[in-house]
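K.L.:
The chain contents come next:
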Amino acid sequence: MLTVEGLQVRYGAITAVKGVSLEISEGELVALLGANGAGKTTTLLAISGALKAAAGRIVFGTEDITSVSPERIVRKGIAMVPETRDVFPDLTVAENLRLGAFIHRRDHSGFERDLKTAMDLFPVLETRADQAAGTLSGGEQQQLVIARALMSRPKLLLLDEPSVGLAPAIVERIFELINRLRERGLTILLVEQNAAQALKCADRVYVMSLGRVAVSGTAAEIASGSNLEEIYLGGQAARQRENHAR
Amino acid sequence: MLGNAIQFVVDALSLGSLYALMALGLVIVYGILRLVNFAYGELIMVTGYTLYLLNGSPFPWLVMAAMAVVMAILTGMATELVAFRPVRERSVTAVLITSFAFSTLLQNAALLFISPRARLVPLPDIFTQTVEIAGVIIPLRNLLTIVCSVLLLSLFALILKRTVLGIALRAAASHFTMARMLGVPANLVISVAFAISGLLAGVVALFWFGRIGSVVPGIGLEPLLVAFIATVIGGMRSLVGAVVGGFLLAFIDISLNYMLPQNLLQFRDAFTFSMVILILLLRPQGLIPGPATGQRT
Numbered sequence: 001m002l003t004v005e006g007l008q009v010r011y012g013a014i015t016a017v018k019g020v021s022l023e024i025s026e027g028e029l030v031a032l033l034g035a036n037g038a039g040k041t042t043t044l045l046a047i048s049g050a051l052k053a054a055a056g057r058i059v060f061g062t063e064d065i066t067s068v069s070p071e072r073i074v075r076k077g078i079a080m081v082p083e084t085r086d087v088f089p090d091l092t093v094a095e096n097l098r099l100g101a102f103i104h105r106r107d108h109s110g111f112e113r114d115l116k117t118a119m120d121l122f123p124v125l126e127t128r129a130d131q132a133a134g135t136l137s138g139g140e141q142q143q144l145v146i147a148r149a150l151m152s153r154p155k156l157l158l159l160d161e162p163s164v165g166l167a168p169a170i171v172e173r174i175f176e177l178i179n180r181l182r183e184r185g186l187t188i189l190l191v192e193q194n195a196a197q198a199l200k201c202a203d204r205v206y207v208m209s210l211g212r213v214a215v216s217g218t219a220a221e222i223a224s225g226s227n228l229e230e231i232y233l234g235g236q237a238a239r240q241r242e243n244h245a246r
Numbered sequence: 001m002l003g004n005a006i007q008f009v010v011d012a013l014s015l016g017s018l019y020a021l022m023a024l025g026l027v028i029v030y031g032i033l034r035l036v037n038f039a040y041g042e043l044i045m046v047t048g049y050t051l052y053l054l055n056g057s058p059f060p061w062l063v064m065a066a067m068a069v070v071m072a073i074l075t076g077m078a079t080e081l082v083a084f085r086p087v088r089e090r091s092v093t094a095v096l097i098t099s100f101a102f103s104t105l106l107q108n109a110a111l112l113f114i115s116p117r118a119r120l121v122p123l124p125d126i127f128t129q130t131v132e133i134a135g136v137i138i139p140l141r142n143l144l145t146i147v148c149s150v151l152l153l154s155l156f157a158l159i160l161k162r163t164v165l166g167i168a169l170r171a172a173a174s175h176f177t178m179a180r181m182l183g184v185p186a187n188l189v190i191s192v193a194f195a196i197s198g199l200l201a202g203v204v205a206l207f208w209f210g211r212i213g214s215v216v217p218g219i220g221l222e223p224l225l226v227a228f229i230a231t232v233i234g235g236m237r238s239l240v241g242a243v244v245g246g247f248l249l250a251f252i253d254i255s256l257n258y259m260l261p262q263n264l265l266q267f268r269d270a271f272t273f274s275m276v277i278l279i280l281l282l283r284p285q286g287l288i289p290g291p292a293t294g295q296r297t
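These protein sequences, in sequence, are chains A and B.
Just so we're aligned: the first sequence equals residues 1 to 246 in our numbering.
Just so we're aligned: the second sequence equals residues 1 to 297 in our numbering.
One or more hints might be untrue.
As the list claims (entries may be wrong) - No more than 25 Å apart at the CA atoms, straight line, and that leaves these computed lysine to any residue pairs for SDA-like: (1) A:K52 <-> B:L81; (2) B:K161 <-> A:K155; (3) A:K52 <-> B:R88; (4) B:K161 <-> A:A94; (5) A:K76 <-> B:L35; (6) A:K18 <-> B:N187; (7) A:K155 <-> B:E89; (8) B:K161 <-> A:K76; (9) A:K76 <-> B:N187; (10) B:K161 <-> A:K18; (11) B:K161 <-> A:G134; (12) A:K116 <-> B:N187; (13) A:K116 <-> B:E89; (14) A:K52 <-> B:S191; (15) A:K52 <-> B:K161.
Read the hints as simulated data drawn from the structure, not as lab findings.
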């Protein structure tokens with residue numbers, strides 16, 4: 001469904017992503033793990049079009065979307081849930097959701113149906129509908145950004161660190177929701193620092209380190225076979241480079 | 001005494017509503033792009049010269065006024081196309097310079113093709129009529145200014161609250177990239193913001209010329225300055241702040257007009273700016289800070 005080949009992304013002189021390749025098939029939940037600064041978020045932002053790729057290709061379905069603008073990419077069926085929980089704080093919950101359906105704004109009956117689905121999945125949003133989004137708790141805001149992303153009827157959902165900064169009980173709830181979305185057939189690319197949680201629900205895993213994919217495999221392989229801590233600290237990538245040098 | 005009070009209130013409210021609309025036109029673009037449109041004052045100039053050029057045409061005044069406002073809207077959108085769009089994503093400094101350049105270009109075009117000297121702007125009779133309330137004579141155009149501004153502000157608030165495009169505008173002002181990731185087209189939102197900015201400046205211009213009667217190429221500087229100061233007082237990021245700042249600035253101006261002795265009146269601006277400095281010392285972020293998030297695009 002999504003193929004990324006040799007993706008490079010730069011912030012000025014710094015190359016944050018140095019040749020990442022990954023693949024996601026329809027219906028899969030793929031997790032992208034790695035330490036802070038490994039380039040996970042940058043990879044997601046490049047897929048969603050918010051950052052420009054310096055090199056490499058991003059193909060969605062059969063279409064090359066490498067240099068397509070973010071507003072066009074969401075129309076193709078990729079929705080982004082960013083890490084910083086970007087609700088629009090001075091808009092109400094209802095307005096946030098309405099904006100999520102911006103690309104379907106002429107389809108009123110479809111909007112009502114999607115809204116009902118979203119309220120069923122995230123009941124707390126219904127009780128908070130007329131409240132400014134900035135006044136919600138962290139967990140509620142996280143649910144709102146996910147619900148808002150779903151309003152665009154995506155085929156692929158990019159989830160950036162949905163558990164960051166949330167209490168453990170809320171994290172459980174969020175992952176429950178992710179599992180439910182997946183059961184409904186949604187393809188998900190999940191970026192996480194919370195490796196244990198991500199390994200529990202993912203089909204396949206890519207582990208990034210210093211801008212590269214250090215290891216990849218099924219969740220079971222990664223959970224049992226490799227030393228995650230070492231990769232998180234950069235050991236694996238360093239050793240690989242030594243091997244290359246030889 | 002009652003008469004004086006009424007006169008003061010009408011003066012402050014009519015000048016305030018002009019300042020508020022003007023500040024709003026500046027801040028709607030600033031909120032989204034984090035860039036000040038320095039060619040904003042020229043929208044007032046364009047409206048004035050359009051009216052001047054239409055003088056003597058067979059159209060009734062209202063039609064001429066509508067055409068002049070449309071010209072302001074088109075000029076606003078042209079500013080975006082010429083000065084902002086080509087360089088917007090590359091450098092803030094470049095946009096600063098291109099918007100100054102576009103402003104200078106328009107002014108010089110007026111100097112060259114029309115005249116450096118003041119030109120009369122056609123005005124309807126109603127602008128020179130007066131009414132008597134509680135013993136004081138009040139120009140009818142001041143009351144008209146208030147009514148039109150209230151209507152325009154309500155319409156504007158309604159659009160921002162109730163339409164998807166309005167919600168998109170507000171969202172783009174707090175987090176432009178996120179709005180784009182939800183499918184809100186950047187160019188559309190920016191064009192709409194510039195068009196609204198042009199509409200507000202055009203309407204303000206009608207009443208501005210109602211007060212002074214004639215147009216010169218440099219006419220835009222004072223409204224730009226007023227709008228800029230009003231947004232700085234009110235908070236650069238907040239639409240409500242712009243309106244509050246506009247009314248407050250007018251209130252200060254008019255109060256000084258009433259209170260200062262004759263020989264100090266020519267220094268009124270110095271007093272006004274002292275008050276502005278005082279406000280900014282106490283509240284450097286402006287009276288109403290905008291939404292918390294947001295980064296420049």
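K.L.:
Compare the structure with the hints numbered earlier in the document and write down the numbers of the violated ones, lowest to highest.
P.N.:
2, 5, 6, 7, 8, 10, 12, 13, 15
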